[in-house]
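2 protein chains.
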Amino acid sequence: MSIIDTDVHPNPRNADEIRKHLPAPWRDGFAMPRRPFYHNPIHANRLDATPPGGGPAASDPDFLREQLMGTYGIRHPILIPRTFANIHPNPDYGSAVATAFNAWLAETWLEAYNDDGAFKGSITINHHDPLAAAAEIDRWADHPHMVQVVTDSGARAPLGQRQYYPIYEACERHGLPFAMHPGTDGIGGNTLPTPGVPTHYIEYHCGMSLAFQAHLLSFLTEGVFERFPTLRIALLEGGVAWLAPLLWRLDAYWRALRKDTPWITRPPSEYLDEHVRLSTQPLERPGRDEHLLALFDAVGAERVLMFSSDYPHWDFDSPTRAFPSSMPDPLRQRIMHDTAAELYGL
Amino acid sequence: MSIIDTDVHPNPRNADEIRKHLPAPWRDGFAMPRRPFYHNPIHANRLDATPPGGGPAASDPDFLREQLMGTYGIRHPILIPRTFANIHPNPDYGSAVATAFNAWLAETWLEAYNDDGAFKGSITINHHDPLAAAAEIDRWADHPHMVQVVTDSGARAPLGQRQYYPIYEACERHGLPFAMHPGTDGIGGNTLPTPGVPTHYIEYHCGMSLAFQAHLLSFLTEGVFERFPTLRIALLEGGVAWLAPLLWRLDAYWRALRKDTPWITRPPSEYLDEHVRLSTQPLERPGRDEHLLALFDAVGAERVLMFSSDYPHWDFDSPTRAFPSSMPDPLRQRIMHDTAAELYGL
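Quick mapping for you: the protein sequence lines, in order, are chains X and Y.
Going by the numbering used here, the first sequence opens with residue 1, and the numbers climb by one from there.
Going by the numbering used here, the second sequence opens with residue 1, and the numbers climb by one from there.
Each hint should be verified, as a subset may be incorrect.
Stated by the list, open to error - Just the calculated beta-carbon pair ranges, DEER-fashion:
1) Y/D138 / X/V197: 26 to 34 angstroms
2) X/P36 / Y/L47: 52 to 60 angstroms
3) X/P330 / Y/L346: 48 to 56 angstroms
Calculated directly from the structure, the hints in this document are not laboratory data.
Owing to the predicted nature of the structure, the values given are computational and were not obtained by experimental measurement.
We treat Cβ as the ideally placed atom computed from N, Cα and C, and that holds for glycine.
Whole structure, please, built from the sequences with the hints as guidance.
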């Protein structure tokens with residue numbers, strides 16, 4: 001089976017690889033961004049993901065080809081650099097960081113190390129400046145290996161709100177999916193995923209799926225998919241099993257409260273089915289597989305789920321072990337390959 | 001079948017009924033609290049819940065006995081006044097409002113109109129002042145019809161954090177469950193249920209279950225049930241179907257990250273099973289009942305769920321129609337009566 005892995009994180013070998021793409025005055029102060037609190041108490045990356053020649057995990061394309069793609073038969077990793085571009089209160093700095101990571105990704109993984117075209121990339125934007133973000137999309141949209149636009153779920157407002165529409169216009173203009181990935185919640189003025197400040201990393205980590213649910217509620221109630229009928233959204237690393245319960249509630253209340261959002265002309269779950277895709281890692285696994293498969297059945301998993309490993313992060317999901325062994329082969333084929341191939345045109 | 005309805009909202013006939021229990025300087029400025037935004041676009045209460053003699057919905061105990069208890073055979077409504085005590089930045093005012101509502105509830109519904117002892121009440125606290133809240137619990141705990149402590153989920157911090165422990169000490173001291181109810185999120189300095197500000201009522205309403213998930217994550221990761229081994233928590237009107245997915249994720253990450261919270265010595269789902277109960281309204285109903293019943297099975301619904309109607313609110317769940325008709329009778333008996341009878345000692 002040919003596999004598409006929809007959440008893989010390449011890293012620069014060092015800060016200079018990014019710094020060289022930053023203009024003054026940003027270049028001098030730049031350091032590789034990291035979350036300064038909620039540290040993972042064990043380790044952030046798979047310990048075996050450090051390249052033999054040294055450097056950060058997932059900084060060596062050849063070693064990633066061997067350890068991830070070779071081991072599991074992954075045809076296309078969708079590359080999502082961890083840029084933290086939207087942690088900067090200064091929107092010009094945030095947008096410059098996004099541009100620098102895009103230039104680095106294009107020049108290295110997508111060009112210098114991509115003879116076979118296996119690596120597909122994501123255009124990072126700083127969504128705090130929607131017009132600059134739209135210009136950044138315009139800048140990279142024609143790159144042959146850029147297949148989507150991405151931002152982090154750390155935001156100051158639910159992402160379905162109208163101030164972000166220049167971003168979705170640009171996505172539609174170029175036929176690129178808009179992807180959301182966790183990681184900058186609660187940093188640099190971004191809201192946290194939970195009401196109030198979570199204490200421990202595990203609370204913050206589990207809370208990330210709440211931020212995804214909130215952003216999805218916003219997309220589905222603001223009418224984003226009525227306004228942008230060809231827009232597709234990829235929810236990456238936000239969890240999966242919460243989707244059915246959320247849609248059950250939203251559909252029921254939409255029916256009762258449709259005076260509140262009259263532009264939503266169909267049950268919200270129908271928009272979800274057409275416009276939204278979710279990557280699977282970290283897949284919630286119950287004690288009994290049939291409970292998960294019931295939820296897969298409830299959301300039409302064959303249409304909405306796409307495999308992801310989150311390589312090289314510590315909570316990597318293996319293609320061979322992430323899913324119940326009782327999952328039917330046609331569904332497996334859809335999740336491991338077909339749905340992502342359709343979304344990204346691969 | 002004898003039914004216990006765990007979420008019923010009695011209202012004062014007018015503001016004077018509360019005002020008379022407020023000392024100076026609070027008395028003069030008091031008005032009946034309401035949420036000043038996110039108004040329900042249709043109507044907040046069942047239109048037929050207005051008493052024949054006039055006055056607010058659910059302000060006439062005799063009419064409530066007829067319309068709710070008589071119609072459905074409800075033996076005990078657990079009464080939860082909508083006090084909004086925790087919307088006040090001034091903690092003294094908030095605590096005074098809580099005290100006034102408690103005095104009103106005791107004097108009217110729990111005493112003057114309660115010859116048969118059917119009405120059971122909740123001690124409202126202002127959790128922003130934990131020591132005052134503990135004193136309020138001490139004040140009312142011996143009342144024969146006060147069966148729990150309640151606060152709203154609108155908070156400034158996740159409710160499992162240690163600043164709230166005087167409240168849980170008081171609950172344990174008196175053997176009273178601690179209940180959480182939605183409604184004040186985003187008001188008076190309380191955080192919203194979602195990252196950023198939701199736009200419409202439906203988004204806010206569906207987001208309430210996210211606040212409940214966040215508070216539950218806090219209770220389960222801070223070690224509240226290790227510190228207070230006899231504490232019981234009731235999550236009222238926060239939804240139900242999200243519980244299994246949340247616990248699957250939390251259990252898996254607890255196993256991997258237990259260095260982060262070493263005081264949690266068992267899978268978090270085990271603490272949930274022993275310590276936490278959820279009321280059912282608004283019950284998420286999928287298109288196919290077996291999907292909901294799979295989630296009931298996954299969480300041990302026979303131990304954790306308690307029926308609630310949310311009378312007199314507009315989205316009332318009827319005892320005869322809230323649940324799938326295929327739900328087994330023994331489970332129905334547990335949800336409609338037994339679990340609540342055990343929690344509240346009825």
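Now the hints, each set against the structure:
no. : hint                                : in the structure
1   : Y/D138 / X/V197: 26 to 34 angstroms : 29 angstroms, holds
2   : X/P36 / Y/L47: 52 to 60 angstroms   : 53 angstroms, holds
3   : X/P330 / Y/L346: 48 to 56 angstroms : 51 angstroms, holds
In summary, this structure violates none of the numbered hints.
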